[in-house]
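Q: Below, each chain spelled out in residue letters.
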Amino acid sequence: MKFVIESLTKNSGRLGRLHIKDGAPGQRTPLLMQTTKGGSIPYLSADVFESHVTETPQLLELTLSTIDHMSEALAQFNSADRGLSDYIGFPGHLNVLLLRDPCETTPAGGNDRDIQPLFTRRGKESLSPKRYMEMVASLRPDIYQGLCDADTNAESAKKRVQKSVDRTEKFMHYIYEHKSKVDSTLLAPIVGGYNTFARTQSIKHALEQPSGSYGGYVFEGFHTNGLSATILDASKLLPIVEHCVGQLEEEKPRMVPGAYTPLTTLELIGLGMDLFDTSYAYCAAVNFKALTFTFVQDEVVHVPFLDITDDAIKEDFSPLLKNCVCLSCQKHTRAYVHHLYKTNELLGPILLMVHNLHHYMAFFEAIRESIARDGLPQLTELVRRQNGDSQVDYSIAPNRKVISKATMGKGFAAAAV
Amino acid sequence: MSTRTIPPLTYKVVAECSVSKARAGLMTLRHSEVNTPVFMPVGTQGTLKGILPDQLIELNCQILLGNTYHLGLRPGIETLRLAGGLHKFMGWPRAILTDSGGFQMVSLLQLAEINEKGVNFRSPFDNSECMLTPEHSIQIQNAIGADIMMQLDDVVKTTTIGPRVEEAMERTIRWVDRCIEAHARDDDQSLFPIVQGGLDVPLRQRCVSALMERQVRGFAVGGLSGGESKHDFWRMVDVCTDHLPRDKPRYLMGVGFAADLVVCVALGIDMFDCVFPTRTARFGCALVDKGQLNLKQPKYKLDLEPIDKECECSTCKRYTRSYLHHIATNESVSCSLLSIHNVAYQLRLMRGMREAIERDEFPQFVSDFMGRHFGKDPIPTWIRQALKAVNIELPADEEKQDQQTKQEQEQAVEVSQTATSHTQHETYI
Numbered sequence: 001m002k003f004v005i006e007s008l009t010k011n012s013g014r015l016g017r018l019h020i021k022d023g024a025p026g027q028r029t030p031l032l033m034q035t036t037k038g039g040s041i042p043y044l045s046a047d048v049f050e051s052h053v054t055e056t057p058q059l060l061e062l063t064l065s066t067i068d069h070m071s072e073a074l075a076q077f078n079s080a081d082r083g084l085s086d087y088i089g090f091p092g093h094l095n096v097l098l099l100r101d102p103c104e105t106t107p108a109g110g111n112d113r114d115i116q117p118l119f120t121r122r123g124k125e126s127l128s129p130k131r132y133m134e135m136v137a138s139l140r141p142d143i144y145q146g147l148c149d150a151d152t153n154a155e156s157a158k159k160r161v162q163k164s165v166d167r168t169e170k171f172m173h174y175i176y177e178h179k180s181k182v183d184s185t186l187l188a189p190i191v192g193g194y195n196t197f198a199r200t201q202s203i204k205h206a207l208e209q210p211s212g213s214y215g216g217y218v219f220e221g222f223h224t225n226g227l228s229a230t231i232l233d234a235s236k237l238l239p240i241v242e243h244c245v246g247q248l249e250e251e252k253p254r255m256v257p258g259a260y261t262p263l264t265t266l267e268l269i270g271l272g273m274d275l276f277d278t279s280y281a282y283c284a285a286v287n288f289k290a291l292t293f294t295f296v297q298d299e300v301v302h303v304p305f306l307d308i309t310d311d312a313i314k315e316d317f318s319p320l321l322k323n324c325v326c327l328s329c330q331k332h333t334r335a336y337v338h339h340l341y342k343t344n345e346l347l348g349p350i351l352l353m354v355h356n357l358h359h360y361m362a363f364f365e366a367i368r369e370s371i372a373r374d375g376l377p378q379l380t381e382l383v384r385r386q387n388g389d390s391q392v393d394y395s396i397a398p399n400r401k402v403i404s405k406a407t408m409g410k411g412f413a414a415a416a417v
Numbered sequence: 418m419s420t421r422t423i424p425p426l427t428y429k430v431v432a433e434c435s436v437s438k439a440r441a442g443l444m445t446l447r448h449s450e451v452n453t454p455v456f457m458p459v460g461t462q463g464t465l466k467g468i469l470p471d472q473l474i475e476l477n478c479q480i481l482l483g484n485t486y487h488l489g490l491r492p493g494i495e496t497l498r499l500a501g502g503l504h505k506f507m508g509w510p511r512a513i514l515t516d517s518g519g520f521q522m523v524s525l526l527q528l529a530e531i532n533e534k535g536v537n538f539r540s541p542f543d544n545s546e547c548m549l550t551p552e553h554s555i556q557i558q559n560a561i562g563a564d565i566m567m568q569l570d571d572v573v574k575t576t577t578i579g580p581r582v583e584e585a586m587e588r589t590i591r592w593v594d595r596c597i598e599a600h601a602r603d604d605d606q607s608l609f610p611i612v613q614g615g616l617d618v619p620l621r622q623r624c625v626s627a628l629m630e631r632q633v634r635g636f637a638v639g640g641l642s643g644g645e646s647k648h649d650f651w652r653m654v655d656v657c658t659d660h661l662p663r664d665k666p667r668y669l670m671g672v673g674f675a676a677d678l679v680v681c682v683a684l685g686i687d688m689f690d691c692v693f694p695t696r697t698a699r700f701g702c703a704l705v706d707k708g709q710l711n712l713k714q715p716k717y718k719l720d721l722e723p724i725d726k727e728c729e730c731s732t733c734k735r736y737t738r739s740y741l742h743h744i745a746t747n748e749s750v751s752c753s754l755l756s757i758h759n760v761a762y763q764l765r766l767m768r769g770m771r772e773a774i775e776r777d778e779f780p781q782f783v784s785d786f787m788g789r790h791f792g793k794d795p796i797p798t799w800i801r802q803a804l805k806a807v808n809i810e811l812p813a814d815e816e817k818q819d820q821q822t823k824q825e826q827e828q829a830v831e832v833s834q835t836a837t838s839h840t841q842h843e844t845y846i
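Protein sequences appear in the order of chains A and B. Letter by letter, the first sequence follows residues 1 to 417 of our numbering. Letter by letter, the second sequence follows residues 418 to 846 of our numbering.
Worth flagging that the hints you see were computed from the coordinates, not collected in a lab.
Just the calculated beta-carbon pair ranges, DEER-fashion:
| id | chain 1 | residue 1 | chain 2 | residue 2 | range |
| --- | --- | --- | --- | --- | --- |
| 1 | A | 303 | B | 443 | 43 to 53 Å |
| 2 | A | 401 | B | 544 | 17 to 27 Å |
| 3 | A | 196 | B | 726 | 52 to 62 Å |
The list that follows gives simulated cross-link-like pairs (lysine-lysine, DSSO-like), each with its CA atoms no further than 27 Å apart:
| id | chain 1 | residue 1 | chain 2 | residue 2 |
| --- | --- | --- | --- | --- |
| 4 | A | 204 | A | 10 |
| 5 | A | 314 | B | 505 |
| 6 | A | 331 | B | 505 |
| 7 | A | 124 | B | 713 |
| 8 | A | 181 | B | 718 |
| 9 | A | 322 | B | 505 |
| 10 | A | 204 | A | 158 |
| 11 | B | 505 | A | 342 |
| 12 | B | 793 | B | 707 |
Note that beta-carbon positions come from the ideal geometry of N, C-alpha and C, so glycine has one too.
Use the sequences and the hints to build the structure in full.
A: See the structure below:
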C-alpha cells in the first residue's frame, strides 16, 4: 500500500491518494469507506449497489464480528486470482478488515489480558492474537487493523483507559512479530480514550516499530460504535485528536471508523484525518431518517433529516430530497417510503440506504473539492448551521416508535362501510 | 385509434400445443404486454419483498399482484386516490392485478360471516362491525387502479361439502353481476369473475356456463389449492378449462409450486400467482428444478457453486451457495438475493413453457421437467393421471419397486404434497 499526500493545508485538511493494490485505481482521500455487514452493504445487493449507487470500485470496510464465521470457507475459496472481495460479491473492489461493526454498539466488558472479546451474532468469541492472525491469514484482506482493546469512551475511568493501552501493546507485540505470515497491510491501532497521556503512549508504541511495519493508523476508543458516535461531545474529542495528530508520521493515512456526524467528520478532516466510513448513513437509515443536510452553498435553511416515521408525510408525493438524483428520489416519494415503514417492508430501508449512501458519497466529493480550493472552513460553517441561526443537531436518536394499529386508520373498514 | 377505443384487455392465442390443452398467448393491458402462461409474483402491500421495481423489469416481470385487503388498510384508499393509483404510488410502470379482499376477510378474520349482502366482519382495530360488499370491493379496486381486478366471491373452505358449496357458487354468480354493475372504470380495468363450485364437477360446469353469459375479458378459477387432495385439484382445473372459452385468459388463483405450474399449463391455464417463491426466500431457500435448496444447511458452508449454474439472475452471477449460507436469514440482504433468484426461477420456468409451446415441443418439455424435478423419486400418480388426461404420457419410473412399497411411497408423496399445497394457499394470505 502506498499513500501520497497531494495537498496539505494547515487546519483545513489534506488531500491524498491511497494506492492499495497494484493495478487497482488509487482512492482519493479524505475517503469514505463502505461499511458492510456480513460482507454486504447493509440492505443492498451488490447488483443494486453497483447499478444504483456507484460503479466506481470502493474500499469496503469489513468487520470480523460479522464475517468471522466465513473464515473456513474463505480459506478454501481464496486463490491467486480470487479473494475476499470476490467471495462477498464485489470483485474489483478493495477491502479493509476491522474488528468491530461500527454500525452497532459494541458491548462493554469481557476484556482480558490475553484475549480480546469479539461480539458476533452467535455470541461472544475470545480472540487471542494468535487466533486473530490465523483468521487474517484465511480471510486475506487487502488491509487489516491491529488487534486492540478499544473499550473506552469519554466516561471511562483512567484505569480502564490505561488497561486498553497496555493490552493493545501486548497484542500488537505478537502481531508485529507474526505479521510476515500474511500479505495484507497492517494498520496500527491508536487507543487511549480521552486521555492525552494514554494516547501519546499508544502512539509511541506504534512509532517504536520500524516505519515499514504498518501502513497507517486506526483511531479507536472514542466511542463504542453504533449511535454512541453520533452523540459524542466534539468539544472533548477534537482537542485529543489534535494532540495526537502532531505526533503521527505525516505520510501514513489515518482512519477513524464510526458514525461521526457530518459536522464532526469535517472537523476531524480539518485536523488531518483521512479515512471514514458510511456507518452514519446506515444509522440514519435504520432509524428511518433520510439525510437532507446541504453541503452546497445556497440561501435556504436546511434540516439534517427527513423523519420517515412522521405521519405528516403520509400524502406527501415529493421526493425524499428535492433535486436529488438518486434512484429513490427519482422514482419514489416520501409517502411511499412512509408506507413501507408503516408496513415494515424491506424495500423501505433499501430505498433509504440508496439515498443516504448517495447523499453521503456526494458529501465526501464536496469535501475533497473544498479542500482542493482551500474552502473546508466555509463548508464546515455551512454544515454547522445549514444557513440557520444556530448549530444543527446531527445526533441520531434510536427510533422507538411503535407502529400502532390505530394509525392505520380505518382504511379498508372505512371504505367498506 | 386512441387508447380509449382499445379494450383494456386484449388476448390472443399465439400458439397451441398439438397434444395437450397448453397454449401460449399475448395479453395486452393498459400498462404492459403480458406473455402467457405467466407467473405473477405477489407484492402484497405495494412492494415485492426487498426487490426494486427496476430489478423486476430487468427480470422481465410483466405483471404483479397486489392485495386489496392490505392496500385498503395501508396506505388506504384516500392516499391511493391522491397518488393517482397504485402504479404511481409504488413506482411500477407495468401491469398489476388485484384480488377482491374477500379471501383475506375469511382467512384472516375469524369473525367473518357471509350473507347475501356481503362479508360481515369485525374490524381488527376497534372491533366494530363492518360489511364488505361486492360494490365496496370494486370501489376499492377502482381506486387502486389495477389492470385486472377480481370479483368478490363467496369463499368456502375447499374441503367443505354439502349444500353450502352450491349456495356459495350461486351467490358468487349473483355477486359478479353486482360487481359488474358497480365497476366504474371499465375503460381502464378488466373485471374477472371467479369460477367456484368446490370439488363438484357439475357445479363447476354450471358456474362456468353462467359466468360465460357475462361480458367479461377473462376468468379466474378459485376455491382450489386450499388443502384438497391433488386428485380433486387437477380434475377441477381440467373441468374448468374444458368449458372456458378459448379466446379469453384463464387465471388459477394461488398456485405456484413448479410441478403444479407445469401440470396446470398442460391443462390450459394461462395465469398463476403465489407468495411461495418470495416467502421461502425469507427462510433461506432457493428454488431449483429439483425442488428447493435450504441454504441454511451445513452442507452448503463450503459449496462454492452458484445456486444454479444455468441461472442468469444477478444472484447466481455473483454469489456462491457458501456465501449465501453464511448470510441467509441473518443479513436482510439475503432475503433480496434469494427473492430475486426465486422470482427469476419462476419466470424462467414460464418462459421455458411458452417457448416449448411455440415450438410445439411442450410434451417433451413436461417430460424433461418431471424427470429433473423428481429425479429418482417416483412421479406422483396424480401428475401422471392429470397429464395423461391431456395426452401427455410420462416415461415409466426408472427404478421399478415392489408394487406395494411403491404405492405406499406415492401415498406419502401425495400426503406431503397436499400438506404443502395447504401452505401454498395459506401463504397467499
